[in-house]
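**Q** Counting from 1, one number per residue, gives the positions in the sequence shown under my numbering.
Honestly, the hints are just simulated from the structure, not real lab data.
What you are looking at is a predicted structure, and each value in this text was computed from that prediction instead of being measured.
Don't be surprised by glycine CBs; every beta carbon is placed ideally from N, CA and C.
Errors might be hidden in some of the hints.
[What the hints assert, rightly or not] Pair by pair, the computed Cβ-Cβ distance ranges are:
# : residue 1 : residue 2 : range
1 : A208      : T297      : 22 to 32 angstroms
2 : W164      : A208      : 42 to 52 angstroms
3 : W357      : D435      : 34 to 44 angstroms
4 : I250      : G39       : 42 to 52 angstroms
5 : A341      : R263      : 44 to 54 angstroms
6 : G356      : S44       : 30 to 40 angstroms
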Amino acid sequence: MNNASPVRAWLGLLVVLGPVLLVAMDGSVLFLAMPAITGALSPSADQSLWILDSYGFAVGSLLIAFGTIGDRYGRKRLLLIGAAMFGLGSVGAAFATSPESLIAFRVLMGVAGATLLPSALAVLGTLFTDPRRRAQAIGIFAATFAAGFAIGPIVAGQLLSRFWWGSVLLINVPVVLLFLMFAPILLGEVRATVAGRIDVASVATSAAGLLLAMYAVKYTAAEGISTSATGAGLVGAVLLGWFGRRQGRIANPLIDFALFRNRVFTIAIVTGFLPLAAWSATAYLGGIYLQSVLDLTVTDAALLAVPGAAVLTVTAVVTPAIAARIGRSAALVTAHFTIVAGLLLLLPTGTSTGAGWYIAATAVAGIGYGISFSVVADIAVAAVPPERAGSAAALAETGNELGNALGIALFGSLAALVFRIGGPDLAPTLGATLDLPDLLPAAAANARSAFVDGLHVVAAAAAVLHALLGLVALRVLRSRPVDVESTEPAPVGL
1 MNNASPVRAW
11 LGLLVVLGPV
21 LLVAMDGSVL
31 FLAMPAITGA
41 LSPSADQSLW
51 ILDSYGFAVG
61 SLLIAFGTIG
71 DRYGRKRLLL
81 IGAAMFGLGS
91 VGAAFATSPE
101 SLIAFRVLMG
111 VAGATLLPSA
121 LAVLGTLFTD
131 PRRRAQAIGI
141 FAATFAAGFA
151 IGPIVAGQLL
161 SRFWWGSVLL
171 INVPVVLLFL
181 MFAPILLGEV
191 RATVAGRIDV
201 ASVATSAAGL
211 LLAMYAVKYT
221 AAEGISTSAT
231 GAGLVGAVLL
241 GWFGRRQGRI
251 ANPLIDFALF
261 RNRVFTIAIV
271 TGFLPLAAWS
281 ATAYLGGIYL
291 QSVLDLTVTD
301 AALLAVPGAA
311 VLTVTAVVTP
321 AIAARIGRSA
331 ALVTAHFTIV
341 AGLLLLLPTG
351 TSTGAGWYIA
361 ATAVAGIGYG
371 ISFSVVADIA
381 VAAVPPERAG
391 SAAALAETGN
401 ELGNALGIAL
411 FGSLAALVFR
421 IGGPDLAPTL
431 GATLDLPDLL
441 PAAAANARSA
451 FVDGLHVVAA
461 AAAVLHALLG
471 LVALRVLRSR
481 PVDVESTEPA
491 PVGL
């Protein structure tokens with residue numbers, strides 16, 4: 001495959017983009033579907049959050065581990081296995097009959113998604129040996145990933161207007177089948193010459209620690225302080241602490257924490273994390289706001305998401321050319337303050353009007369999100385020595401996936417806490433409250449107002465964090481710019 005013809009190379013890229021688009025879309029495709037899922041499966045408040053972010057947790061916590069596995073056993077083989085698992089998980093999730101089973105199948109999809117992203121990116125190196133063509137292919141890869149996140153809610157809205165909620169997951173199956181048909185023909189195998197050993201203890205403790213810590217945060221926000229949640233949080237913190245110390249003692253760590261001594265690299269990774277966290281949380285809360293507060297149909301809610309998605313996608317495509325002119329450092333700083341402006345535009349939304357503010361907010365913030373999705377990995381890779389570029393790219397991918405998951409977990413829990421404190425205290429979520437029989441109009445109005453308050457608190461908190469990170473980035477990148485282009489294209493991780 002190193003001597004693949006141009007036509008075969010571009011066809012191979014097209015095949016690879018299928019699972020890449022699915023992995024990105026499934027991080028956001030359930031946002032508009034949650035009211036329908038709530039009506040069908042009646043999940044609790046913390047189960048609702050797990051339905052949304054268990055997928056992202058599984059992807060983010062296993063990306064680096066599966067990168068090593070692919071190096072050892074073959075990237076194409078891992079792609080085929082992962083795609084098959086993703087398809088099976090999608091079918092199981094689409095026909096889930098309980099919140100627990102839906103969460104379990106979403107985890108399976110996340111595990112499969114973690115096999116797909118690093119392997120898909122690695123395969124591009126065998127398809128495109130010319131550096132210029134490879135750079136173009138990687139740019140298309142990055143834009144496809146960004147577009148997947150953006151269009152997930154839109155695709156879901158169109159399907160939900162015609163079919164049941166499981167259709168938003170079942171749509172994955174045709175793409176998976178096409179990939180399994182053509183990938184063996186068009187893609188070549190990729191293995192590392194020397195593959196590092198997989199530290200099973202690191203994989204287990206990082207995943208378990210993260211899940212226990214997030215369970216504690218989410219349960220406490222939705223239900224209040226409890227002994228079990230506090231205990232889970234402490235155990236999770238201990239496991240994550242042990243994981244961090246272990247990485248400095250083993251020969252082949254999952255995360256090379258020494259890279260974070262470089263301030264530019266650290267800013268790049270945090271920038272990969274925070275915009276995805278803000279975007280996923282506000283997209284999820286915005287979908288509920290449009291449907292359950294403003295009483296819009298799912299089709300209308302999906303249409304209102306189109307401007308922001310279009311801006312984000314176009315920005316992700318054109319950012320490399322813009323960054324080549326103004327510099328990646330300037331682009332990164334611009335991303336943060338544009339996101340701040342967009343988030344603040346959510347604050348005027350109310351219980352009776354606010355659709356216009358929502359469109360403006362998503363469109364303005366979409367500029368910043370698109371920029372950040374495009375430049376983060378380049379900056380992270382440029383900030384470290386060439387021999388550590390692979391680790392830097394893997395951490396950039398992991399930061400994005402954890403941002404998507406933790407955004408809903410942390411910001412979603414913050415919104416749930418505000419709702420629990422300010423709402424009518426009749427049910428843990430807005431959807432469950434509005435579905436109560438004989439609900440008094442005053443209680444319904446109180447519930448909608450409390451939800452909007454939660455949306456405002458989340459938008460304000462995310463805006464403050466982006467403003468602070470933008471100021472830090474401005475100071476650090478001004479003294480240590482990373483705008484000298486390398487002769488080889490840097491791996492792009494999203």
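**Q** The structure should be examined with respect to each hint, and the outcome stated for every one.
**A** Hints, one by one, checked against the model:
no., hint, result
1, A208 with T297: 22 to 32 angstroms, "violated (41 angstroms)"
2, W164 with A208: 42 to 52 angstroms, "violated (34 angstroms)"
3, W357 with D435: 34 to 44 angstroms, "violated (27 angstroms)"
4, I250 with G39: 42 to 52 angstroms, "holds (48 angstroms)"
5, A341 with R263: 44 to 54 angstroms, "violated (25 angstroms)"
6, G356 with S44: 30 to 40 angstroms, "holds (34 angstroms)"
Checked against the numbered hints above, the structure violates hints 1, 2, 3, 5; every other hint is satisfied.
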